[in-house]
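Asks: Sequential numbering from 602 applies to the sequence shown in this note's numbering.
None of these hints come from the bench; they were simulated from the model. The structure presented is a predicted model; accordingly, all values stated were derived computationally and were not measured. For glycine and all other residues, C-beta sits at the position ideal for the given N, C-alpha and C.
Derived Cβ-Cβ restraints for the label pairs, each shown as a range:
# : residue 1 : residue 2 : range
1 : Q688      : E778      : 15 to 21 Å
2 : V730      : V757      : 16 to 22 Å
3 : Q629      : T652      : 24 to 30 Å
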Amino acid sequence: MRKLSILFALLITMSFTSAILIDSGNGQFVFSERVSTTLLANPGTGGATNTFVGTIDDLGASSIHIVRIGIGGDSAQASGDNRFRVQGGGLDFTFTAGQSATAADFDLGFTPQLNGQAHGFVYQEVDLVANAGEDLTVSWNFHNDNDGFFTQDTDVLGNFFNDSDASSSSRVWIQFEVLGGAVPEPSSMISLALGICSMLFVSRLRK
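Build the full structure now, drawing on both the sequences and the hints.
Replies: What follows is the structure, encoded as structure tokens:
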């Protein structure tokens, strides 16, 4: 059996966010963050959001090799788009999913409907390497047409996500490996106005 450690960094309950960094074994990590229209001043209005999601930092002399990107939740064939942007370490790219033809470097298609409002992930494999020792910043920079969907799915690496408490939410998902051996650390959304955050460490055993 191997131990899967999940770091829930800065869980801000009132804004429905929970940034996590998952060590999925075999040198593969997942950075994921849930975003919801509750974060926006005008949630019913589509367009640019320019919302900071999180960073992967403290890599020292190592570099991040992104191998797969994904989006879950309210980015379906009749909802969305939601678009995310990754910047840093010489990288600057966007990816989107949903019904609209939103301009992006990668169009992942639509999230699959699994059960009622629950939707799964849609993915695309990539081969993107950041400069050594530089952080990556993830932002949510466009959304449109929410239909009350959320992510409730097991990803391709066996990690289960349940965002049923946050309708009209989407989840950014980034699979990467670290070149150089340092252990990555996530830095999540910070909201001084809400002032409600906690650090939770969750471990589960996997066969």
